[in-house]
Amino acid sequence: MKRAFTVHTVLQFIFLMVFWLLLSGHYDLFHILMGVVSALLVTAMNLRLRRFHFYREEIQQVEARLKRQFPVTLRPLRFLYYIVWLFWQIVVASLQVAYAVLSPRMPIDPSLVIFKTRLPNTSARVILGNSITLTPGTITVQLRDDEFLVHALMDVSASGILDGSLPGQVARLYEKTPGQVVGNTTIIRSKRDM
Amino acid sequence: MKTHRSNPIVSLVSRMVSPFIMMFALYVIFHGHYSPGGGFQGGTLIAAAIILVRLSEGSDTAQLQFSRSWGTPLGSLGVLIYFGTGLAAVFMGGRFLDYAALHLAHHASMSRSYGILLVEIGVGLAVTAILVSIYDNLLEGEADA
Amino acid sequence: MHHNFVYFAVLLTIIIYVPFYRVVTGPTLYDRMLCAGSIATNSMVIILLVGFMFNRIDMFIDIAMAYAGLNFIGTIAFAKYLGSTLKSKKNHGN
Amino acid sequence: MGISSIIAVILISLGTFFMAVGSIGLIRLPDFYSRAHAQGKVDTLALILIILGLMVYEGFTLNSVKLLLIVVFVALTNPTGTNALTNAAYRFGLRPWFKRDQRGQKKPGGRK
Numbered sequence: 000m001k002r003a004f005t006v007h008t009v010l011q012f013i014f015l016m017v018f019w020l021l022l023s024g025h026y027d028l029f030h031i032l033m034g035v036v037s038a039l040l041v042t043a044m045n046l047r048l049r050r051f052h053f054y055r056e057e058i059q060q061v062e063a064r065l066k067r068q069f070p071v072t073l074r075p076l077r078f079l080y081y082i083v084w085l086f087w088q089i090v091v092a093s094l095q096v097a098y099a100v101l102s103p104r105m106p107i108d109p110s111l112v113i114f115k116t117r118l119p120n121t122s123a124r125v126i127l128g129n130s131i132t133l134t135p136g137t138i139t140v141q142l143r144d145d146e147f148l149v150h151a152l153m154d155v156s157a158s159g160i161l162d163g164s165l166p167g168q169v170a171r172l173y174e175k176t177p178g179q180v181v182g183n184t185t186i187i188r189s190k191r192d193m
Numbered sequence: 000m001k002t003h004r005s006n007p008i009v010s011l012v013s014r015m016v017s018p019f020i021m022m023f024a025l026y027v028i029f030h031g032h033y034s035p036g037g038g039f040q041g042g043t044l045i046a047a048a049i050i051l052v053r054l055s056e057g058s059d060t061a062q063l064q065f066s067r068s069w070g071t072p073l074g075s076l077g078v079l080i081y082f083g084t085g086l087a088a089v090f091m092g093g094r095f096l097d098y099a100a101l102h103l104a105h106h107a108s109m110s111r112s113y114g115i116l117l118v119e120i121g122v123g124l125a126v127t128a129i130l131v132s133i134y135d136n137l138l139e140g141e142a143d144a
Numbered sequence: 000m001h002h003n004f005v006y007f008a009v010l011l012t013i014i015i016y017v018p019f020y021r022v023v024t025g026p027t028l029y030d031r032m033l034c035a036g037s038i039a040t041n042s043m044v045i046i047l048l049v050g051f052m053f054n055r056i057d058m059f060i061d062i063a064m065a066y067a068g069l070n071f072i073g074t075i076a077f078a079k080y081l082g083s084t085l086k087s088k089k090n091h092g093n
Numbered sequence: 000m001g002i003s004s005i006i007a008v009i010l011i012s013l014g015t016f017f018m019a020v021g022s023i024g025l026i027r028l029p030d031f032y033s034r035a036h037a038q039g040k041v042d043t044l045a046l047i048l049i050i051l052g053l054m055v056y057e058g059f060t061l062n063s064v065k066l067l068l069i070v071v072f073v074a075l076t077n078p079t080g081t082n083a084l085t086n087a088a089y090r091f092g093l094r095p096w097f098k099r100d101q102r103g104q105k106k107p108g109g110r111k
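Protein chains in written order, with numbering that gives the first Met the number 0: chain P, 0 to 193; chain L, 0 to 144; chain S, 0 to 93; chain Z, 0 to 111.
Below 25 Å or equal to it, Euclidean Cα-Cα: the simulated SDA-like pairs (lysine to any residue) are: (1) Z:Lys-65 <-> P:Phe-86; (2) Z:Lys-98 <-> S:Pro-26; (3) P:Lys-175 <-> P:Pro-75; (4) Z:Lys-65 <-> P:Leu-20; (5) Z:Lys-98 <-> S:Gly-25.
Because the hints were derived from the structure by calculation, they are not lab data. Predicted, not measured: the structure shown is a model, and the values here were computed from it.
With the rest of the complex left out, here is chain P (with noise of 0.2 Å):
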């Protein structure tokens, strides 16, 4: 555990350097060696705030794995072709926006979703919030523990929530097979059901 952190802190080392030297366009000793210190300087400054949250991080997914053999790594393959893929949904999601304001009649059908998803630890949580948010229908209202709540602007059942297709890539990013992800559906649909 303390070994994974110790990677961590030269990853982040390493993407700050390389953030560096692509905001500089200067590569001579004393630039490069400004960026070093600058690096080392803000990493130095970061670290207690990342022991404390990667350590509780730690004990989340230990639970995780103990309760529900997920595993937690995040398979960097996957994770590039659901950045493509998730382009390809804001495009979708932008023209259905677009066909429902450019309307006359606009088509909307506001609704509420709240559901659970079985998804391993909060940074996979917060990849499907932002993603929620980005492809097409739906944006994440609020995110407590393991329960979405969730705003979709036209019908709820072609949004892909409720088959559970949107969490389900999320879940592929870390397992293979992730069968059920999504569950305790609730759709509210009008003032008096809230």
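With chain P fixed as given, assemble chains L, S and Z onto it according to the hints.
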């Protein structure tokens, strides 16, 4: 009583983005003579990155990143660097903030460049520390906003 | 080619006035902040286009990056402020 | 005009179109939550398309890598900002607009 209710999405993304904003701010400070920016702008961006974590994590957890007690000493250190550079120039026979008199390098122009860099670092440090401590002092009475 | 960017920049500047209407008349504070975010995104694009028009894109990219960062921090700060003050007012009313 | 300029102009035009759609959506949609759809998705796509167009025009230089960094940053932070605002509104108790509630009073979807 107001308590900090954490929103995991905002919290994680803020923690992820904050070091990169700091790195960008340091770039702004160190490349002040090629691109827009300098000590003040960079210092403001660092302070913004620190305040972002304070906002999303709650002030108590964010103390791990930049402690409340560092504000005054670091601010004083920044002013000291700025003033010390100026005074050193006076003692070495120039005028106040006359970087060429510092003899940091062989050429007067290089010496001026390094002198300006020192002053920028001082200004950046002072601005960062003072802005963060202003934020902390504004929250003095709150439980944990 | 550069002169084509002028048309886009002018078009985007006109588009800014559409969410600006919502900023002025928005029924809730949240609407106003949402539209302010939209205006910020729009201005970022205009900054980049202006950079291409003046052939100083290296300089304007840095400005756009700082703008993007400050836009995000501003939105988070505003959301936090709204979340805490309005909640306390509600508790006070009960 | 080379082929890259033409692609750039097409991408930037598409982006401008989506920016306009997002702005009109902010005016036309009935309540805060549905406006958040217009801001969270459409504006992000508009910015990505315009910056991709600028990258194509710029060619493969350090500047276009910086533009890519802006795209990554915005794609990460824009939905987060939208989520922060909607979450604050929901916690305050702002209720969404539902079509069912309008039945009998107004024509469905006819709200402006």
